[in-house]
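**Q** Chains as they are written, first to last, in our numbering: chain S, 969 to 1137; chain B, 2 to 275.
Calculated from the structure, these hints are not laboratory results.
The model shown is predicted, which means the values in this text are computed figures rather than measured ones.
Wrong hints could be hidden among the right ones.
[As the list claims (entries may be wrong)] Mimicking DSS-like on lysine-lysine, the simulated pairs with C-alpha atoms at most 27 Å apart in a straight line are:
hint: 1; chain 1: S; residue 1: K983; chain 2: B; residue 2: K268
hint: 2; chain 1: S; residue 1: K1010; chain 2: S; residue 2: K983
hint: 3; chain 1: S; residue 1: K1010; chain 2: B; residue 2: K3
hint: 4; chain 1: S; residue 1: K1010; chain 2: S; residue 2: K987
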Amino acid sequence: MRRLIADQTHSISLKLNGKPVHAEAEPRMLLSDFIRHVLGAKGTHVGCEHGVCGACTVRMDGGLARSCLTLAVQADGAEIETVEHLAPEPGSLSVLQNSFRRHHALQCGFCTAGILMSLDTLLRDHPEAGETEIRDALAGHLCRCTGYEPIVTAAMEAAEILQKERLNA
Amino acid sequence: MKPAPFDYLRAGTVQEAQAALAAEGEGARVIAGGQSLVAMLNMRLARPTLLVDVMHVAGGAEIRVERGQLVVPFAVRQAALLNRRDLLSEVPLLAAALPWVGHVQTRARGTVCGSVAHADPSAEIALALVALDGTVHLRGRRARRLPAAEFFTGMMQTAARPDEMIEAVSFPLSQEGTGHAFNEVGIRHGDFAIVSVAAIATGDRLRLAIGGVNDTPLVRDWSSLDDRQVDDALNDLAWSLDARDDLHATARYRRDLVRRLGRKTIKEARQCAA
């Protein structure tokens, strides 16, 4: 049991999108700032910084997490996945991302990274998810551009495509 | 908005966590899921000198049934309790109330005991705990247990001493012939409750618990209440509350919600009991 002192930086090791990383942070540094400013992965956005808007949502040890409501020191030893992890390879998009593009499910794009993480996790855990479940997951996100309708449409289409892919596999 | 500086300590055992809290005094806070606390840190509404992380203590996330109670230790996340296979038969009121706690994203991290420790007046878990006569298990130098109604002392105020952490909360298992129901109105699903209502019906007996209005969950019991008496009883209850105007709703709207949600919730609880 080691006490990490406030004004000093401490070594933090975690897996970011499957890759082990080591860096330093003070105890008060938020995971959102650690991911963006220390690790340089800028896909995760920061909106309200008190857990309301959902823009900073990432996956931590497989489950969803608001990275602005998580301290970097809490994530020491954890596996973090961000929006950068969703596309299968550079230059291509995931099924969900493609549906977002097709249905104009984003305009300014600020909320998109967080929404993609939530919906990707929903469709992973509940492949049969329908409109109710999709809207429930979206309730944890704010989007001021789209009015949500195209996001719901895109997610429902993605769910359908993924279901078909699963049946054919 | 960034937190003010604090020290951080990852406890390996409950004893370590408790000793750290005792040594630090008033400035120490337990951090579990952090879904309420880190927001408070970011807004600098809380400025602890030390955070004691209890999420890596062995056994802290193991829910157990013990002497007629569902015992939920300090590291159990809200999502884990909600996904428990037998929750609906064990503690149906919790199964009904938990989907209203925050959002799927915050339930994935936030803990049951953390919500109780935070003692927000609109918190669903606190309401269920008080409605069911649950117990808060505190661990200081010695362990003590408090009935939930005695634990919540005011808005975000509890009877826990600075050197104590919540080791678990326990909910009595549901009895045959008892019906439970929960309803809530907020601006959007997942927002803070403007009014939340839990009803427990056993035969003629009825208990109603109201959240979101007073500083702490309020409980009212009736030995019998037939259909013709319900409206008057709810009206009396609505006026006895300390309803206030705020940004989200007027006092009058809150009283009206108590009447309407109360009637609906009583009906649902009685249907479940039948």
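**Q** Give a verdict on every hint.
**A** Going down the list of hints, with the structure as the test:
1. K983/S to K268/B: Not OK: K983/S and K268/B at ~51 Å, beyond 27 Å, violated.
2. K1010/S to K983/S: Holds, at about 16 Å.
3. K1010/S to K3/B: holds, 18 Å
4. K1010/S to K987/S: holds, 16 Å
When each numbered hint is compared with the structure, a violation occurs for hint 1 only.
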